[in-house]
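Q: Those sequence lines, one after another, are chains S and R. Under the working numbering, think of the first position of the first sequence as 159, with each following residue one higher. Under the working numbering, think of the first position of the second sequence as 298, with each following residue one higher.
Worth flagging that the hints you see were computed from the coordinates, not collected in a lab. Everything numeric in this text was worked out from a predicted model, so none of it was measured. One or more of the hints may lead you astray.
Claimed, not checked - Not everything, but these chain R residues come out facing chain S in the computed CB check (under 7 Å): (1) L321; (2) S391; (3) D392.
To be verified - Computed list of lysine to any residue pairs in SDA-like fashion (alpha-carbon distance at most 25 Å, straight line): (4) S:K348 x S:V426; (5) R:K386 x S:V831; (6) R:K387 x S:G829; (7) R:K386 x S:A836; (8) R:K387 x S:Y832; (9) R:K386 x S:T824; (10) R:K387 x S:V830; (11) S:K348 x S:A769; (12) R:K386 x S:G829; (13) R:K386 x S:T828; (14) R:K386 x S:V426; (15) R:K387 x S:V831; (16) R:K387 x S:T828; (17) R:K386 x S:A826; (18) R:K386 x S:S835; (19) R:K387 x S:S835.
To be verified - A few chain R residues that don't get close to chain S, going by computed Cβ distances all over 10 Å: (20) L311; (21) M331; (22) L335; (23) V359; (24) F360; (25) I380; (26) L396.
Note that beta-carbon positions come from the ideal geometry of N, C-alpha and C, so glycine has one too.
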Amino acid sequence: MDLAFGWDFGRALIWIVLLPLFGALVNGISGRWASRSLVRAIAVGSVAGSFLLALACFVKLVMLSGHGEGAEGTNKIVNVVYDWFSVRVGDAVIPVRVALLMDHLSGVMTLVVTGIGLLIHLYASSYMEDDPSYARFFTYLNLFTASMLILVLASNMPLMFVGWEGVGLCSYLLIGFWWENPTYAAAGKKAFIVNRIGDFGVLIGMLLLVGTTMSFEFSDINANATSLLIPLRLDQTHSIAWLTTATAACLFLFLGCSGKSAQLPLYVWLPDAMAGPTPVSALIHAATMVTAGIYLVARLSNVFLQSPTAMAVIAIVGASTALFAASIALVQNQMKKILAYSTVSQLGFMFAGVGVGAFGGGFFHVFTHAFFKACLFLGAGSVMHAVHAHGDADLRELGGMKKFMPVTRWTFLLSCFAIAGFPLTSGFFSKDDILLGAAYMGTGPWAAYPSWVGWVVFAMLAIAAFMTAFYMFRLYILAFEGEFRGGPKHGDGHDAHGDDAHAHAHADPHESPWAMTLPLVVLAFGAVTVGFLGLPHWLGLPNVWEHWLEPSLAALPVTEGAHVSLAIGGTAMGVGTLAGLGGIGLAYLWYIKENGTTPARIAASVPRLHALLMDKWRVDEFYGAALLRPMAWLARFAANFDKLLVDGLIAKATSSLTLLGGWVVTRAQTGVVYTYSAFMVVGLAGVAWWYLVPHTGLEYAVRGTQVKLQAAAGLGYEYRFDVNSDGEFETEWSTERTIEGSYEPKDFVGGAIVVATMRPGTREREQLLEGGHVLAFAAADLGPEWQAVAPPAANAPPGTPGTSDDTLPGMSWSLPVRDIFLPYAPRGGEAHSATLEQAHGLLERIVGGESAIDIARARATNDEQRTKVGLVANEDGVDGHVKLADGTEVTFEAGAHTALVETSRGVHVVALDPGELALRPNGARVRVRGADVTQETHLRPGEIAQVGNALVRAAAVVRGTVEVRNAFGYTVRESVDVVVRPDRPADEPAPNAVRGAQ
Amino acid sequence: MELGLGHFIGLASLLFGIGAVGFLVRRNLLIQLMSIELMLNAVNLTLIAINRWMPGNHAGQVFAFFNIAIAAAGAAVGLAIVISVFRLKKSVQSDSVDLLKH
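My request is simple: use the sequences and hints to build the entire structure.
A: Right, dumping it as structure tokens:
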């Protein structure tokens, strides 16, 4: 990266996040003992440092994009901090890195978060002066700033989700900051729980995106967005034809956005969130956190463009929210409550904007709204500070504030003009952008998008804009104009947290200190001026904003020739201006000229509607009845279930069982001496029995053709043995407890099979049939898988296989081959994956889409050698080549079936015998029916046959028996079955490499 | 008749049996203590008898002396317990004492 200021900007990004995080750590750990000025210095200083750093990076970004526009790497700064973890999806490994990305979109947002965050930190350092939990407040506020910066700067979805949850947590902590008041604590809890619903949507949406695009990075997801245009898969075989993955993912993501950004139907937490201190309302619940949803939509703009349906839903939900919240704000009497509903309404504007494809316009409103709404909230806080109101300020107790606090009054008024959309203020331009976007969509420039949505949204937004102007000026006039109505009456429960209010409750309202007014002035200045960044393009004016965001946002796929005509632009701007001016005018008329008589008359004429609006459409009550009450019922049911059934029955039953056992055993504890002595006698009797009765403890060892039997040693024991299975003892009674003997074929009582692969260099596998141990079986034990054939007829001529005395009965079979070659497999570098891919392709042709590779791999994981199998087969008529990791090339002949096997020792190409390779759909069984296999082969013990690519050896089972007698004349007997290997010489004790078929 | 090891072992077994049965069936603590002493002495007799036939380094005799010393100490402790029990319960019957239970 180019070093414009002499340092690496790629590494600077993380410090933007870390500075506030350190501030939170320091204040959180040691703030309780530090002085207020130190806490303030750390809190404000860390955000100031973060802001300066962000500014430096932003300037660098501007310089980078200045030259070589569109060239690689010129429009973003990337900071990869470290690899976090990786996720395995099918064959792919998707890495997740802690990486920060500042592009044109996140750059602007970073400036908003740190810049406005700095102003609000400064404001709060004065506003919260008298709060006993000063350090705790700034710990949370700094932590919020850090989380928000993670959310904004994250270059991938998991990291963004960390920030997303982090801001949710801080929001919860700060709403419930004055937790001593149960109402406030409940508001925090409500925000947290409502947001959980949304976060669930974000997770699902994220997984849908990742599952299809195979990347967590925003850039990759946007680049591969068209791959989302497939039906939504439910599992391997089912999918929903009428729903694309894109639509599903977008709607789930929007569910998350509507939680975080307070849209219908999840907006209910935001008005309650005003329980937090006013700077929190300004920073988190107006300027930054609640716009995260719009930011996410803009971040994934190309994904959302894949789903016109989802966008139309977003537009309509946004416009409905705007209208709905504005209608509530019309009649409320609490300053912060009006501002809260106004925020919900403005967020609706933003979503309507991105929903009609005006990503730049919607995000522009995020930007301008941050200024004027932060200013309005801080102004409201300033008023509350002046009249010592806490919680909220009631308009009926205010009035005439303009003569006490001129700075607050002017900044508030300017911000009111901005939010009302008064011409040439910032709100005018950004709201115009959104209205224009809606009107433009109404003309149908994008064929896939229903054009009626555009006009419906336009109409709703226009009405909402009118309402906005009206209620904002109603708020302004009632608070600042007219006569002062005495301020809040104290002792009415507002002061639950008990701070400074009482000391000078009856003093006149006063202007706030500089630390509070300075942010107001800066924000008001921004509220008026920042709009000029986004001058309307259709008038031929330069739109710096849209131009700047162009590299970060996706362009609408408009049809050829569609453009914003002067008529459309004029309509939008005209309607917007009329709505704004009309609202202001009506407020002026009703509240200044008529002094509020008309609204009172209207309210009196429709009392029920008015009451409904005052009660905020009673949505909370509806949720309470429709959702909370059933949930509470369910919870009570579960609790009772637990109490009665689990605790009452199951727990009681088990505990009483234990008690019963204890009771029985304690009966023995009489405390009387002779009880204990009686137990001693019983124990002594047991020991006596052990010595009176002999024990065999028979063990055996096989060494080639030799069988060694050994019985347990014991006082006065004598032994006799039978090693040849005939049931008669070869030895006389003696004290020798070990015998070593050979066997004769006629001694066999059963057969056994030993299987080994034939490949040179691989080890013989001493077993492997049925779970990896030597399987001894008699003819009758042969299961269907072994397809036993009946023993040869008794009258067959001598010499016929299977008839002579020394032939095992029933030794013919067809062998399941899976256990022979599957324990081996390819491994290695890149060539390996290519190999597997090709193998997969070839196999698909043979088995009709069944994934034999997966079958093979699944089985191979059980192998203790940790090797994997790559199974390659070749269909008739197809010649194939596979290049291996070591460079050798393997050729497959047409008509041959081949398994490619790689062990820790290297790669082996194992040719399956010509024959039939049958892979069954259930994948459990691969069976070769080669000439050697289906043929009825009869083996004598020690003989070897080749089956497939395996060697099969016949072994035999002999039965050894020992009889033990002790001095008292008691006798016991034990037998053991021993597998013997005639093929293996006595001097070769361990299984070894196969030396080929004999 | 020559006295052999078997006779000694037989006598010792008889003494041990009398002691064991006495310990099990009698309820008087003093008698039970005496039964224990009887069993100990049966063991001592075994040790000494075997020592006579297999003298070695006379470990059997030495062991018997240890046994006598330990039995004396055991009897002292046992009698002390009997006296305390009597003070507590006004009885020396072992089934009147079940304090170990608690």
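Q: Could you run down the list of hints and mark each one as holding or not?
A: Hints versus structure:
1. L321: holds (6 Å)
2. S391: holds (5 Å)
3. D392: holds (5 Å)
4. S:K348 x S:V426: Within the cut-off at roughly 9 Å; holds.
5. R:K386 x S:V831: holds (15 Å)
6. R:K387 x S:G829: holds (18 Å)
7. R:K386 x S:A836: Distance ~24 Å between K386 of chain R and A836 of chain S Cα, so the pair holds.
8. R:K387 x S:Y832: Answer holds: K387 of chain R to Y832 of chain S is near 19 Å, not above 25 Å.
9. R:K386 x S:T824: holds (24 Å)
10. R:K387 x S:V830: Given that 25 Å is the threshold and the Cα spacing comes to 17 Å, the pair holds.
11. S:K348 x S:A769: Cα-Cα ~24 Å, so holds.
12. R:K386 x S:G829: Roughly 15 Å separates the two Cα atoms, so the pair holds.
13. R:K386 x S:T828: Holds, at about 17 Å.
14. R:K386 x S:V426: Given pair K386 of chain R, V426 of chain S is violated - Cα atoms ~79 Å apart, limit 25 Å.
15. R:K387 x S:V831: holds (18 Å)
16. R:K387 x S:T828: Cα-Cα ~20 Å, so holds.
17. R:K386 x S:A826: holds (23 Å)
18. R:K386 x S:S835: The hint holds at about 22 Å.
19. R:K387 x S:S835: The given pair, whose Cα atoms are some 23 Å apart, holds under the 25 Å limit.
20. L311: holds (17 Å)
21. M331: Correct as stated: the minimum Cβ-Cβ distance to chain S is 14 Å, above 10 Å.
22. L335: Nearest chain S Cβ is 14 Å from L335 of chain R, so the label holds.
23. V359: holds (26 Å)
24. F360: holds (21 Å)
25. I380: I380 of chain R clear of chain S: closest Cβ-Cβ about 16 Å, beyond 10 Å.
26. L396: violated (6 Å)
Of the hints listed earlier, those the structure fails to meet are numbers 14 and 26, in rising order.
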